[in-house]
Amino acid sequence: MTKLHIDPMTRIEGHLKIEVDIEGGKVVDAKSMGTLFRGFEIILKDRDPRDASQLVQRICGVCPTAHGTASVRCLDNAFGVKPPTNGRIIRNLIYGSDYLMSHILHFYHLAALDYVKGPDTAPFIPRYEGDYRLDPKINKIAVEQYIKALDIKQKTHQMVALFGGRAPIVYGMVVGGATEVPTVDKMISMKWRLQEIKDFIDNTYLPTVYLVAGAYRDLFSVGVGCKNLVSFGVFPLDDDEKSFLLKSGSYTKGKDLPLDQAQVKEYVKYSFYDDKTTGLHPSKGATISDHNKKGAYSYVKAPRYRDLPHEGGPLSRMWVTNPVLSKHANKFLGIDEKKEIRFRDLGGKAFSILGRIAARAEECKLVADAMDKWIMELKPGTPSCVKVEVPKEAEGFGLTEAPRGALGHWISIKNQKIENYQVVAATIWNASPKDDMGNLGPIEQALIGTPVKDIKNPFNVARVVRAFDP
Amino acid sequence: MSISRREFLKYCAGAGVALGTSGILLPEIVGALEKAAAGNPPVAWIQGGGCTGCSVSLLNTVHPNIADVLLKIISLKYHPTVMAAWGEKAADSLYDMAEKNKGKFFLAVEGTVVTGADGKCCTPGKFKGKEVTFIKLMVDMGSQAAAVLALGQCGSYGGIPAAKPNPSESMGVSEFFKLYKIKTPVINIPGCPPHPDWIVGTIAHVLMFGVPELDSHGRPKLFYGTNVHDNCPYRSYYEEKKFAKFFGDEGCRVELGCKGPESNADCWKRGWNNKVNWCIHNSLCLGCTEPGFPDSFSPMYVKTTG
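Quick note, the sequences are listed as chains A and B, same order.
Residue numbering for the first sequence follows the numbering used here, beginning at 1 and increasing consecutively.
Residue numbering for the second sequence follows the numbering used here, beginning at 1 and increasing consecutively.
It should be emphasised that the hints constitute simulated quantities derived from the structure, not laboratory data.
One or more of the hints may lead you astray.
What the hints assert, rightly or not - Within a straight-line C-alpha distance of at most 27 Å, the following computed BS3-like cross-link-like pairs (lysine-lysine) qualify:
(1) Lys242(B) / Lys387(A)
(2) Lys130(B) / Lys198(A)
(3) Lys392(A) / Lys275(B)
(4) Lys130(B) / Lys31(A)
(5) Lys293(A) / Lys241(B)
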């Protein structure tokens with residue numbers, strides 16, 4: 001048996017260390033270790049509750065609007081307010097634009113270099129060698145797209161800033177709605193920027209994903225994972241939140257179940273937190289560090305749904321929502337373009353490295369197409385926000401879906417100050433360590449069985465991890 | 001072609017603004033930088049207790065675009081979010097680069113310097129076969145660099161992780177260097193996140209002319225030398241005592257909690273994201289370029305200044 005440490009795991013957000021045991025050319029055990037502690041939940045205590053939606057955005061600079069969205073929804077819930085139609089749509093547009101940014105950045109700038117050989121210059125060297133399978137001509141096109149996608153990424157952030165004020169980290173979402181009253185000028189500015197992004201997704205991003213996938217077909221059966229999926233739902237389509245573009249629900253032990261947030265618990269037996277805080281629902285959760293705890297191996301807690309590990313992210317949302325896929329998918333699967341195929345038609349292929357990457361690209365198109373309609377539903381010149389007052393005592397929660405998985409915030413307010421604030425962040429579902437019952441986290445499970453041909457150039461281990469977009 | 005420092009400062013301060021773009025570096029400067037790039041000392045970018053927001057902001061640079069910055073201007077030898085390699089191959093390349101370019105390379109530090117639990121709260125990797133704390137990485141790299149660019153509110157002053165009660169015992173680079181008696185010059189580029197022009201412009205200045213003139217908080221004067229409130233396009237409302245009472249209302253934002261009066265940066269003319277918007281037009285300034293953010297500027301949505 002050989003032990004392999006990947007530390008640092010690069011091209012992700014944050015600090016992650018992966019340790020795998022390899023035997024007979026395959027991973028037989030895996031540990032996913034979060035190696036950074038900042039203690040945001042502790043910092044939030046005793047502050048003005050409205051400050052939360054700003055502070056939490058700094059948890060993740062790649063998906064600040066995800067934390068912003070969860071936080072304003074959590075505050076709406078605790079304050080007992082409902083944003084007006086403009087507020088709901090502006091939040092969707094800010095967040096939707098950041099989704100496009102995050103998914104495009106993930107494929108081209110975080111994941112692609114596991115499949116595409118970059119030019120022989122920094123930051124593309126040093127690199128591992130031996131498993132780049134693209135035809136040199138296609139490889140060259142992919143490198144050109146890497147550059148083009150940088151420009152597209154920058155433009156998606158212009159879209160975020162139109163109503164967000166700036167990006168990354170926005171000012172435009174607040175409890176009660178959004179800060180700006182929409183103008184026709186802004187709506188058009190967003191619409192024409194979106195056309196260029198949509199064109200890129202339809203004619204460059206999606207076809208390239210399937211083109212790359214064609215050269216690595218075996219990776220549709222690598223990285224299966226726990227096969228339990230959870231989605232909290234995102235992008236409300238009406239003010240009463242009767243429906244969402246990407247639906248909530250779970251797929252647990254092969255069964256489709258409606259979402260019940262009471263079923264979320266966080267375990268800490270293998271995390272550097274006090275054992276007496278294990279197994280709590282986040283509304284009663286606590287963050288008490290124990291840096292030298294024996295047996296612990298991660299600063300990430302282990303959130304579980306219905307006491308089981310659940311994967312979050314595009315694969316989960318697409319599986320739960322099961323929308324019609326793009327025509328590029330038909331072409332790739334060799335199915336007549338006139339026939340509608342849905343995500344679940346991928347079957348077992350969905351639970352894999354490339355299943356996750358394809359889910360992300362297909363979802364990107366779904367969000368971009370929906371945004372095009374939302375822009376025209378804004379009512380220029382009418383308010384985006386309702387008046388709010390900080391309650392003396394209240395409790396609340398806000399659920400959403402970060403680009404990389406289910407995200408929930410829970411608050412309790414006392415004397416108009418934050419008494420407790422708990423964040424169950426998207427990546428901690430996927431990158432979590434073992435729970436108290438001994439179940440490995442979703443990334444750990446996905447790593448087991450992964451073939452490692454050359455231990456000196458461990459491509460597949462990195463591919464499995466990055467496909468989750470941690 | 002070459003360009004004088006005086007011309008460079010002029011361009012940074014205003015030329016792009018006059019052209020109606022937020023680009024600070026005109027083609028002539030980019031040309032000069034590219035020419036110099038072959039011989040330019042390498043830049044290594046490391047991350048402590050950060051959120052990657054500074055890197056994501058840097059990627060938004062428009063003139064020059066980020067592809068030119070990465071491929072033609074800066075010889076970026078280490079950056080955990082963009083580099084191809086991972087694990088041992090990535091980690092060892094940082095120490096090899098430092099060894100080869102001792103005293104010559106520039107170190108960009110994103111995120112706060114986490115010192116809690118003897119550094120255990122932040123271990124950014126296994127370098128040369130040993131798990132290294134961010135404290136050790138900062139001592140090893142910081143003492144060998146020609147200068148350090150302390151990025152964002154975190155790198156500059158500790159940032160949000162260092163806010164009360166500072167559970168991870170975090171601090172900015174300058175404070176850390178004082179504690180560890182490291183003499184390497186530090187340039188702060190605060191902001192949460194900093195504007196990409198502030199990052200690219202400062203790197204360009206350092207590469208072409210050395211360390212730029214800094215204010216008493218260690219920030220380049222060319223970007224942080226003006227007061228937001230004094231220059232704000234909404235200033236006349238303040239003089240007329242017309243104050244916005246809710247988001248979306250016309251008027252000066254001071255009563256909504258705007259911290260413009262205490263903030264020094266050129267957002268008021270530079271704008272954000274290719275100048276499509278900026279904080280005060282959208283809602284208010286939270287003071288993210290100032291030492292003491294966020295604690296000294298809390299509560300955020302309550303009038304505390306002006």
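Going down the list of hints, with the structure as the test:
1. Restraint check for Lys242(B) and Lys387(A): the C-alpha separation of about 20 Å stays at or below 27 Å, so the hint holds.
2. Restraint check for Lys130(B) and Lys198(A): the C-alpha separation of about 46 Å exceeds 27 Å, so the hint is violated.
3. Simply put, Lys392(A) and Lys275(B) have alpha-carbon atoms about 40 Å apart, too far for the 27 Å limit, and the pair is violated.
4. Between the alpha carbons of Lys130(B) and Lys31(A) the distance comes to roughly 18 Å, so the proposed pair stays at or under 27 Å and holds.
5. Note on Lys293(A) and Lys241(B): the hinted pairing is violated, with a Cα-Cα distance of about 58 Å set against a maximum of 27 Å.
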